[in-house]
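There are 2 protein chains.
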Amino acid sequence: MDHTKILLDENDMPKQWYNILADLPVEPPLNPATREPMNPKDLEPIFAKELIKQEISSERYITIPEEVREIYKLWRPSPLYRAHRLEKALGTPAKIYYKNEGVSPAGSHKPNTAIAQAYYNMKEGTERISTETGAGQWGSALSLSCNYFGIECKVYMVRSSFYQKPYRKSLINLWGANVVPSPSPDTQFGRKILEMYPDTTGSLGIAISEAIEDAALNDNTKYALGSVLNHTCLHQTVVGLETQKQFEMTEDYPDIVIGCCGGGSNLAGVSLPYIRDNIAGKTSTRIIAVEPSACPSLTGGKFEYDFGDMAQMTPLLKMYTLGSGFIPPAIHAGGLRYHGASPIVSKLVADKFMEARAYHQVEVFDAAVTFARSEGIAPAPESSHAIKAAIDEAIKCKQTGQEKTILFNLSGHGHFDMGSYDKYFTGDLTNE
Amino acid sequence: MDHTKILLDENDMPKQWYNILADLPVEPPLNPATREPMNPKDLEPIFAKELIKQEISSERYITIPEEVREIYKLWRPSPLYRAHRLEKALGTPAKIYYKNEGVSPAGSHKPNTAIAQAYYNMKEGTERISTETGAGQWGSALSLSCNYFGIECKVYMVRSSFYQKPYRKSLINLWGANVVPSPSPDTQFGRKILEMYPDTTGSLGIAISEAIEDAALNDNTKYALGSVLNHTCLHQTVVGLETQKQFEMTEDYPDIVIGCCGGGSNLAGVSLPYIRDNIAGKTSTRIIAVEPSACPSLTGGKFEYDFGDMAQMTPLLKMYTLGSGFIPPAIHAGGLRYHGASPIVSKLVADKFMEARAYHQVEVFDAAVTFARSEGIAPAPESSHAIKAAIDEAIKCKQTGQEKTILFNLSGHGHFDMGSYDKYFTGDLTNE
Numbered sequence: 001m002d003h004t005k006i007l008l009d010e011n012d013m014p015k016q017w018y019n020i021l022a023d024l025p026v027e028p029p030l031n032p033a034t035r036e037p038m039n040p041k042d043l044e045p046i047f048a049k050e051l052i053k054q055e056i057s058s059e060r061y062i063t064i065p066e067e068v069r070e071i072y073k074l075w076r077p078s079p080l081y082r083a084h085r086l087e088k089a090l091g092t093p094a095k096i097y098y099k100n101e102g103v104s105p106a107g108s109h110k111p112n113t114a115i116a117q118a119y120y121n122m123k124e125g126t127e128r129i130s131t132e133t134g135a136g137q138w139g140s141a142l143s144l145s146c147n148y149f150g151i152e153c154k155v156y157m158v159r160s161s162f163y164q165k166p167y168r169k170s171l172i173n174l175w176g177a178n179v180v181p182s183p184s185p186d187t188q189f190g191r192k193i194l195e196m197y198p199d200t201t202g203s204l205g206i207a208i209s210e211a212i213e214d215a216a217l218n219d220n221t222k223y224a225l226g227s228v229l230n231h232t233c234l235h236q237t238v239v240g241l242e243t244q245k246q247f248e249m250t251e252d253y254p255d256i257v258i259g260c261c262g263g264g265s266n267l268a269g270v271s272l273p274y275i276r277d278n279i280a281g282k283t284s285t286r287i288i289a290v291e292p293s294a295c296p297s298l299t300g301g302k303f304e305y306d307f308g309d310m311a312q313m314t315p316l317l318k319m320y321t322l323g324s325g326f327i328p329p330a331i332h333a334g335g336l337r338y339h340g341a342s343p344i345v346s347k348l349v350a351d352k353f354m355e356a357r358a359y360h361q362v363e364v365f366d367a368a369v370t371f372a373r374s375e376g377i378a379p380a381p382e383s384s385h386a387i388k389a390a391i392d393e394a395i396k397c398k399q400t401g402q403e404k405t406i407l408f409n410l411s412g413h414g415h416f417d418m419g420s421y422d423k424y425f426t427g428d429l430t431n432e
Numbered sequence: 001m002d003h004t005k006i007l008l009d010e011n012d013m014p015k016q017w018y019n020i021l022a023d024l025p026v027e028p029p030l031n032p033a034t035r036e037p038m039n040p041k042d043l044e045p046i047f048a049k050e051l052i053k054q055e056i057s058s059e060r061y062i063t064i065p066e067e068v069r070e071i072y073k074l075w076r077p078s079p080l081y082r083a084h085r086l087e088k089a090l091g092t093p094a095k096i097y098y099k100n101e102g103v104s105p106a107g108s109h110k111p112n113t114a115i116a117q118a119y120y121n122m123k124e125g126t127e128r129i130s131t132e133t134g135a136g137q138w139g140s141a142l143s144l145s146c147n148y149f150g151i152e153c154k155v156y157m158v159r160s161s162f163y164q165k166p167y168r169k170s171l172i173n174l175w176g177a178n179v180v181p182s183p184s185p186d187t188q189f190g191r192k193i194l195e196m197y198p199d200t201t202g203s204l205g206i207a208i209s210e211a212i213e214d215a216a217l218n219d220n221t222k223y224a225l226g227s228v229l230n231h232t233c234l235h236q237t238v239v240g241l242e243t244q245k246q247f248e249m250t251e252d253y254p255d256i257v258i259g260c261c262g263g264g265s266n267l268a269g270v271s272l273p274y275i276r277d278n279i280a281g282k283t284s285t286r287i288i289a290v291e292p293s294a295c296p297s298l299t300g301g302k303f304e305y306d307f308g309d310m311a312q313m314t315p316l317l318k319m320y321t322l323g324s325g326f327i328p329p330a331i332h333a334g335g336l337r338y339h340g341a342s343p344i345v346s347k348l349v350a351d352k353f354m355e356a357r358a359y360h361q362v363e364v365f366d367a368a369v370t371f372a373r374s375e376g377i378a379p380a381p382e383s384s385h386a387i388k389a390a391i392d393e394a395i396k397c398k399q400t401g402q403e404k405t406i407l408f409n410l411s412g413h414g415h416f417d418m419g420s421y422d423k424y425f426t427g428d429l430t431n432e
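Quick mapping for you: the protein sequence lines, in order, are chains A and B. Residues in the first sequence are numbered from 1 upward in steps of one, following our numbering. Residues in the second sequence are numbered from 1 upward in steps of one, following our numbering.
Just chain A, with the same shape it has in the complex (with noise of 0.2 Å):
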């Protein structure tokens, strides 16, 4: 039988992530004052420079430094695995390939991004470091990523995650960041939404005004976002560059591949590499969005201009966006609860380099159970969605009777998500 896990040494991790500016370049962020596009000089008081230059760059390779590829070493390259048992357990002739970013210590790709934010800033002299974080899959990641560096980290977690996923933000301490829920008396935005809505679940939204308000007000202190950002979506190509490598060890190369979709960055970390092929006409891979029916902004938004968060402090992005002021319903995908979707992939999927669709949770954990007692990994509400577009399409082949090649991201575990595989057993998970 062919491997189950493959492996690529770790001198063998990519030295450089894959920036897609270079082939594709995407509308410039706009001053929401003027509606011209922003003077990245005016990003210094929240961000660190380089991340800046990465964000607008059209360099098409983008080195990683050496000191963030040591500390990627603790989990990557990390392993790509065919899915022998999900395949038999579908009866489908695809091959069913999966690469599990959930072998990271957050537990999620995050720490892709995290650990090259959190080493510019330090390079920068930053001292302090704010963020939100949804369901805590960032939030831990950048509290991991700051104590690599020696940098103080104030999370602001979504309330409603805060309470229903506590153990995200045991981790979140445990790495020695503050994280409070969100929203927070901490900033005038905390405080002004708790007066007008004492008893909201708390949003994405709100979260990242609170985040940037601190770093605004706060001479130490940049800001860090997880995903939306070119320069995320850059650190995450490490994902899918490990694949192509790994794929040239099997006699495989994927015909679909697949994403779920927050803001974004897992989907385009797994996905941008092949995208570039396709671009260079190498490759007519097919690549699918996965997202949330509850918070459907690549397949039920608008492609505009918007604010990326709800007190509209931030640049005005060009994106697939439900609008700045969306709270979706608290589903059990934390992390899939951003009203709008990263510049990057919103173009991709205006222009059809990449197609979008949208699951009911339910049918979600339905695909996360049969994966969990197939290949065991007990994986995360996220990434549930990305394995139940990868079963559709297996189910799709198994009538077609098409050998297909199917990759998808397994963003990360469900090992804190387990409160929410209960209320599945228990029938309290409904389609919100």
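Please keep in mind that the hints were generated in silico from the structure rather than gathered at the bench. There could be a bad hint or two in this list.
Unchecked claim - To give an idea of the interface, some chain B residues facing chain A are shown, with a C-beta separation under 8 Å as derived from the structure:
1) Leu-7
2) Lys-73
3) Leu-74
4) Pro-105
5) Asn-147
6) Phe-149
7) Tyr-163
8) Leu-171
9) Asn-173
10) Gly-176
11) Val-180
12) Tyr-197
13) Ile-279
14) Met-313
15) Arg-373
16) Ala-378
Unchecked claim - Anything over 12 Å on all C-beta distances counts as not near chain A; from chain B, calculated:
17) Glu-124
18) Tyr-305
19) Ala-358
What the hints assert, rightly or not - List of simulated lysine-lysine pairs, BS3-like, C-alpha gap at most 27 Å:
20) A:Lys-5 / B:Lys-5
21) A:Lys-15 / B:Lys-423
22) A:Lys-423 / B:Lys-5
The C-beta atom is built at its ideal place from N, Cα and C for all residues, glycine as well.
With chain A fixed as given, assemble chain B onto it according to the hints.
Chain B in isolation, oriented as in the chain A frame:
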């Protein structure tokens, strides 16, 4: 810099387990009625025949069935890590390595024997398996394994862990087993204990009694034990055998091998192959067993024949024991609360092939946090006993200037133990 992870290809996974009984026989189990050595036939109502055969086998090597190796490949060979960052944090000249058994779907070493036990039971037509679990690591591992072989599974989970670690219970459900808090109303013995001690936190001894009663009274049901017995130690030797192949890929060989010890199987797994080489006169590796001060069978118990369970239904085993009626405090390392230690480990300690030491839980969590902040991984409280000993040995090297090579078994991750970390950080965790 040397590699961070030493990886074996899955085709290089050991094809045989190492059976130390060939080199060092242990005293046989006794029939409690006659105090004569048990007739293996008498065990057949509760154990699969092949497991009974392995329990008393004197073959040095036992072939790992191909079906078991295929499932092992979902996570095995597990990575051997060089703890570069921990070494640096300690400022030690010692080289620290750890075997990461937390990469299994259940998050610990337990599936190494669970898969094997479920396999042999399936081969012999067993339709249902009953078992007990402490912290839930064994119960989740057996649930995973029974799922692969179509066997129904019933888990009696020590009550304190059932409520303290609810998400291991969720994991047991995810893979399809039925789990109840022990003592439970489902058995005669459980009902008796509930009447006598309605507020008991439970113990492994009680849960074992319930699981054995279940197997004894139900025709289609066998029982499975996750540690203590010779065949569980046998199956775990895949851990130590892999590390020996992995050390061949480095220029190092361990001077010290460390494992935490509850029943003793993960410690046996990592150390028996090294003890084999010590017995053969090839090496003189120090082996250290680490247990909690709250349940100190090796350092505070007597080496004598005792029952394995509280209801005194099991054969008598020659082991270090605190007495089969011992109920330890509800410490956070729930997996190290067994009143006895495996006969193999006990004999090795008695015969000075192995040292033993005990730590209090606060110093163990100190070590866990040091580890998490250097190596990233959040370790299980059980495994953190081994970390504490490894750190102590590395600090000794700092004092003496010796460049020793230290290996410890990271038997599992702590993703389902974050509530204990919360208590540690709020100061609510004490040395019970």
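Verification of the hints:
no.	hint	in the structure
1	Leu-7	holds (6 Å)
2	Lys-73	holds (4 Å)
3	Leu-74	holds (5 Å)
4	Pro-105	holds (3 Å)
5	Asn-147	holds (6 Å)
6	Phe-149	violated (12 Å)
7	Tyr-163	violated (14 Å)
8	Leu-171	holds (6 Å)
9	Asn-173	holds (6 Å)
10	Gly-176	holds (7 Å)
11	Val-180	violated (15 Å)
12	Tyr-197	violated (28 Å)
13	Ile-279	violated (34 Å)
14	Met-313	violated (32 Å)
15	Arg-373	holds (6 Å)
16	Ala-378	holds (6 Å)
17	Glu-124	holds (23 Å)
18	Tyr-305	holds (39 Å)
19	Ala-358	holds (25 Å)
20	A:Lys-5 / B:Lys-5	holds (15 Å)
21	A:Lys-15 / B:Lys-423	violated (41 Å)
22	A:Lys-423 / B:Lys-5	violated (37 Å)
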